[in-house]
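Engineer: The residues making up each chain are set out below.
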Amino acid sequence: MASGIRDRVAILGMGCSRFGERWNADAEDLMVEAFTEAQQDAGIETSDIGMAWFGSGYEEFNVGKSAVPAATALRLESIPVTRVENYCASGTEAFRGAVYAVAAGACDIALAVGAEKLKDTGYGGLPQRTRGRVNDLYWASISAPGTFAQLAAAYRTKHGIAAPELKRAMAHISVKSHDNGSLNPKAHLRNKIDIDTVMNAPIVAEPLGLFDCCGVSDGAAAAVVTTPEIARSLGKTDLVSVKAIQLAVSNGVEAQYRTWDCTHFATTRVAAKRAYEEAGITNPREQLDMIEVHDCFSITELVTMEDLHISPEGGAVTDVLDGFYDADGSIPCQIDGGLKCFGHPIGASGLRMLYEMYLQLTGRAGDRQLEREPVFGLTHNLGGQPHSNVCSVAIVGRYDA
Amino acid sequence: MTEPVVGITAFGAYVPSFRLSREEIADAHRWVNPGLRSLARSERSVCGWDEDAITMAVEAGRDALRPAGGTAIARLFFASTTLPYADHLNAAVVAGALGLSEQVGATDVTGSLRAGTSALLAACDAAVAGGEPALCIAADRRAAAATTGQELTFGHAAAAVVVGPGPGVAKLVGRASLTADFVDHFRASGREFDYPWEDRWVREEGYHKLVPKLVGAVLKRAGVAAADISAFCLPTTARNLDRSVAKRIGIPEESVQDQITAGCGDSGAAHPVLLLVHALQRADPGDLILVIGFGQGGDALLFRAGEELAELRSHGAGVTKWLERRIPCSYPRYLVLNDMVKVDRGMRAETDKGSGLTAAWRHRDLLLGLGGGRCEACGTYQIPRSKICVNPDCRRVETQTPHSFADSTGLVASWSADNLTFTPDPPAYYGMIDFEEGGRLMMDFADVQPDSVEVGTRMRMVFRVKDYDTVRGFTRYFWKARPTMEAA
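Chains as they are written, first to last, in the numbering used here: chain A, 378 to 778; chain B, 531 to 1018.
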């Protein structure tokens, strides 16, 4: 019986590029920026890396297909390199590949790198693209905000919440993330905003306004992983280890069957449960010290608080408005600014979240370092649409915990 | 001469929801064409961006077939002067969306505003020859150049009539055609707009001379006096032209049918059929209904209403119900939705999805018929159909039989109004539709106004343009969800 990967793999080093509208940088430049930092942090040579995984989402607008662009940009030494794409979970998928390789004993040191170049489209928002030959024939003319916005309509109805009240809780989420992001020198958006600005912003997709939507950014992030034993042999102390990585992928039940009520993420509920089990966490509301969730839209973050089994069902609005997830709250959420402000270069986002957890766990988060000494941090990615998606949940923590 | 016994067994209509104020058009053009004020009464109908002759024909066809369904139809004649395709049988799209049998004969009828009546005659002939029901649908989405009178007089609409062997609810008692190359207007292939000749000449040499000749022939053949005509359906846009023609023939003035100017307008090849349907809706048993299609001469069909008409009428509310349902459309919005002005559609509109004809053929049942499946093992409905049942407690393989959701109603489970995604008519409304029998699909919405949808709104399915492949000139069709008559 498989026992999971808890504490079998440690993070040796991490790196993250500055996120934002990097007009003068190619995806390759961003990868090198993140990789160089990770490599120096890990204290290794390129020749020490045995295998690598590369995550990217929009290959059409990014670097093209395959792992060749990553292997070439980083001048990896003809090692096995795999490109992974799984919607917005692509970065975490790259991490999962690297971690599994080390856990399996296939190599000593593995690299995960994620990168996305989104700002070569000429317009705001995510790139418009084909959904596939058959899907293009019958899929609704969806955009990301238009599908995620639907959570709000269904959530309001199910829980009997008035539209302005839900909108106010959503606004609190964005204001909080801007506050957090203002302290992060690598963040895309570093301005503080107020509730009224969010409430009165132009509507992108009813009821999501401009400030309910995350930044669309260029960026890259990287992780070097190894076994705890090798990490120690390389002189590392205060190890951060991987406690769990779980993935849940929609199988059409939400989209086609009527058991899902359109108010939440069925996959997140499953992936979170599995991750807690793998990590040995029995009470996430008490045991988690910080979380980085996939706040592509404010409503996504709100319902995710329930899907991670932290807020009770229907209780996220209260928790959010009570400041439970604020920087000085019980479980700070998006302490680095989140997708909302750090930015959302698709393939890099999962690794960016882990980067923040790693910095916080090793006490290197600068101005935004949490006062408490965190033990467990959770990251969460949600790619696709509420009715059809990929969800990843990873938990990292102090190796001795 | 004895006419073979053939009659109307069902009828229906469709008028798009958008309404354009004629006064607003006239006001916009006062500086250049102040004479338009004389036409500035009431509203005309306008297609949404996702409607054309095919989609309107499908709605009219569904309206006509609603009580009985279309499986018995042996022949389809689809008339229009604005067929979306020059080569690609437009009637085949209509037949597919109506769920007609694969054995149905399908014909496009075009080339003149009399195409509607010519199609109706052809349907009668086919019903007699084949001894099986035939369906005639006429639909037109004519474009008019800005500042012309046509911009105000034209409307967009469709009408459908099923004819079959036997007297039906209105028996064909006379028919005549007259063919003469009288060119009151024309539109060359590939041209956008009609080129009309002086209306005084059209009145005097055309309508006043050719129509009496045509009507004389049909009355003689039927052995009926002009004075006995109870409903005279002659589409005209010039004021009182229908009355002056009737007077010349001896048809009572009170028999001249309303042109459905208010709320609709002249729907081209569809209009004689639309007037016929409108007349059938109000006719009493024994009434004689004369319908004329004018164009390079014309066609005349004379029907006598039977006793069963009243019962059939109760199945639908006729043209009136479509007229009552209206969404105001400003003149600038009309210009954009009908591609009459050059607008910036944004970079998101540039995405080329191609036209996957192989994929479309494989999925024709889904695309044309909103076809999904029902699991024979567990009874679960789902769309699209799949090899393995979606029910987590079933998961059986190859157990699904086809099931169409086209005539299903559904409830909105979630929705949004999206200003980001490309649509010619923003915002794009779409959401999750839960079908009454089970199954759900994330669908585009059609004809939605602000505040007309919420979670729980009842929706019916409508066949619409999904998008236009402007690079190759291909129109993709699919089904959308629209608030039901009762809901909006």
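Calculated from the structure, these hints are not laboratory results.
Just to be clear, a hint being listed does not mean it is correct.
Said to hold, decoys possible - Label pairs and their computed distance ranges (CB to CB):
1. Thr449/A to Ala879/B: 33 to 39 Å
2. Glu542/A to Pro980/B: 19 to 25 Å
3. Gly876/B to Met576/A: 23 to 29 Å
4. Pro932/B to Gly501/A: 48 to 54 Å
5. Ala768/B to Gly499/A: 39 to 45 Å
6. Thr507/A to Glu662/B: 40 to 46 Å
7. Val752/A to Asp874/B: 41 to 47 Å
8. Ala768/B to Gly501/A: 50 to 56 Å
9. Ser443/A to Val1001/B: 43 to 49 Å
To be verified - With a straight-line Cα cutoff of 25 Å, these simulated PhoX-like cross-link-like pairs (lysine-lysine) come out:
10. Lys750/B to Lys701/B
11. Lys883/B to Lys442/A
12. Lys777/B to Lys739/B
13. Lys739/B to Lys750/B
14. Lys496/A to Lys883/B
15. Lys743/B to Lys777/B
For every residue, glycine included, the Cβ atom is placed at its ideal position computed from N, Cα and C.
Engineer: Now tell me, hint by hint, if it's right for this structure.
Structural biologist: Hints, one by one, checked against the model:
Between Thr449/A and Ala879/B the beta carbon distance is about 35 Å. The supplied range of 33 to 39 Å therefore holds. Between Glu542/A and Pro980/B, the C-beta spacing of about 21 Å keeps the proposed range 19 to 25 Å intact. Roughly 26 Å separates the CB atoms of Gly876/B and Met576/A, a value that falls within the hinted 23 to 29 Å. Here the CB-CB span from Pro932/B to Gly501/A is close to 42 Å, at odds with the stated 48 to 54 Å.
Range check, Ala768/B to Gly499/A: about 51 Å between beta-carbon atoms, so the 39 to 45 Å window is missed. Taking the beta carbon of each, Thr507/A and Glu662/B are about 44 Å apart, inside 40 to 46 Å as hinted. The supplied range of 41 to 47 Å is broken by Val752/A and Asp874/B, whose beta-carbon atoms lie about 54 Å from each other. A hinted range of 50 to 56 Å for the beta carbons of Ala768/B and Gly501/A is consistent with their spacing of about 52 Å.
The beta-carbon spacing between Ser443/A and Val1001/B, approximately 28 Å, falls outside the hinted interval of 43 to 49 Å. Straight-line distance between C-alpha atoms of Lys750/B and Lys701/B comes to about 17 Å, which keeps the hinted pair within the 25 Å bound. For the proposed pair Lys883/B and Lys442/A, the alpha carbon gap of about 19 Å is at most 25 Å, so the pair holds. Under the criterion of a C-alpha separation no larger than 25 Å, the hint pairing Lys777/B with Lys739/B is consistent with the structure, at around 12 Å.
Using a Cα cut-off of 25 Å, the hinted pair Lys739/B and Lys750/B holds, with the two alpha carbons roughly 17 Å apart. For the hint pairing Lys496/A with Lys883/B, the CA-to-CA distance comes to about 21 Å; that is within 25 Å, so the pair holds. Only pairs whose Cα atoms come within 25 Å are accepted, and Lys743/B paired with Lys777/B is accepted, the gap being roughly 14 Å.
Comparing the model with each earlier hint shows violations of hints 4, 5, 7, 9; every other hint is respected.
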